[in-house]
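Each residue of the sequence shown is one higher than the one before, counting from 1 in UniProt numbering.
Hints are computed from structural coordinates only; laboratory data are not their basis.
Don't take each hint at face value.
[What the hints assert, rightly or not] Pair by pair, the computed Cβ-Cβ distance ranges are:
id, residue 1, residue 2, range
1, 56, 226, 45 to 55 Å
2, 156, 208, 21 to 31 Å
3, 226, 147, 26 to 36 Å
C-beta: ideal position from N, C-alpha, C; glycine also.
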Amino acid sequence: MTSDGSFLRRAVAVLTAFRADDDGLGAAELARRSGLPRSTAHRIALDLVEAGLLERQGTRVRLGLRLFEIGQRVPRQRVLRDAAVPYMSDLREATRQTVHLAVLEGAEVVYVEILGSPGGPPMPSEVGGRLPAHVTGVGKAILAFSPPDVVRAVLDAGLPRASGRSVAAPGLLARELDRIREEGVAYDREESGLGIVCAASPVLGPDGEALGALSVSGRSGRMRLTAVAPAVHTAALTLSRALRERDRLRSS
1 MTSDGSFLRR AVAVLTAFRA DDDGLGAAEL ARRSGLPRST AHRIALDLVE AGLLERQGTR
61 VRLGLRLFEI GQRVPRQRVL RDAAVPYMSD LREATRQTVH LAVLEGAEVV YVEILGSPGG
121 PPMPSEVGGR LPAHVTGVGK AILAFSPPDV VRAVLDAGLP RASGRSVAAP GLLARELDRI
181 REEGVAYDRE ESGLGIVCAA SPVLGPDGEA LGALSVSGRS GRMRLTAVAP AVHTAALTLS
241 RALRERDRLR SS
């Protein structure tokens, strides 16, 4: 690997050491999370501060505004989010629950947008955050409509539990994905976190493969999955059609 490639790899390790709720990290914690020697992490952090990707906060550093600006230019996130937000707003209004939009990256889902519900329960999800795909409704909805090699990669990566109810057996997950393909709706029954349930449906592209997924989440025992599932499914289907029509008009 070239020296430039080595620096880039270490810079990514520093940037990805930050979590969504971090206001700033000191040198020791940054080194621990990135897996780099403290002197190396410190030197790279200074370079990233100079580039505007990190900001100084006393003796600590935090993610810089330039990173946010760059993130807003990611086509997959921007286009899908902009198209989805009106449907998400209607879905929240109809269900009075928290609505998620997520995409798949590797074996995890990344949350692109979340519309919270007043008085809703604390969620394990956050915008820009990640969770293992197999423990979430959105993740299972996407996997059910993904190419076989994508599903196989997730199964081969292992199925860690997020709660005592998470599906950890490849055979059980494969059978659940078969059911989701037939019904078009996936469920999270306290698999991503105790006390939280959700219903999710995939947002499909012209080829029938998932671009992402929408979900409605709420408290276990208070939100009836069978009541919200049709609304989620309808919203995802309508969004899928809108995206296909937009692409058709652009190509004509």
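Now the hints, each set against the structure:
1. Between residue 56 and residue 226 the beta carbon distance is about 52 Å. The supplied range of 45 to 55 Å therefore holds.
2. Here the CB-CB span from residue 156 to residue 208 is close to 24 Å, well matched to the stated 21 to 31 Å.
3. Separated by about 30 Å at the C-beta atoms, residue 226 and residue 147 satisfy the suggested range of 26 to 36 Å.
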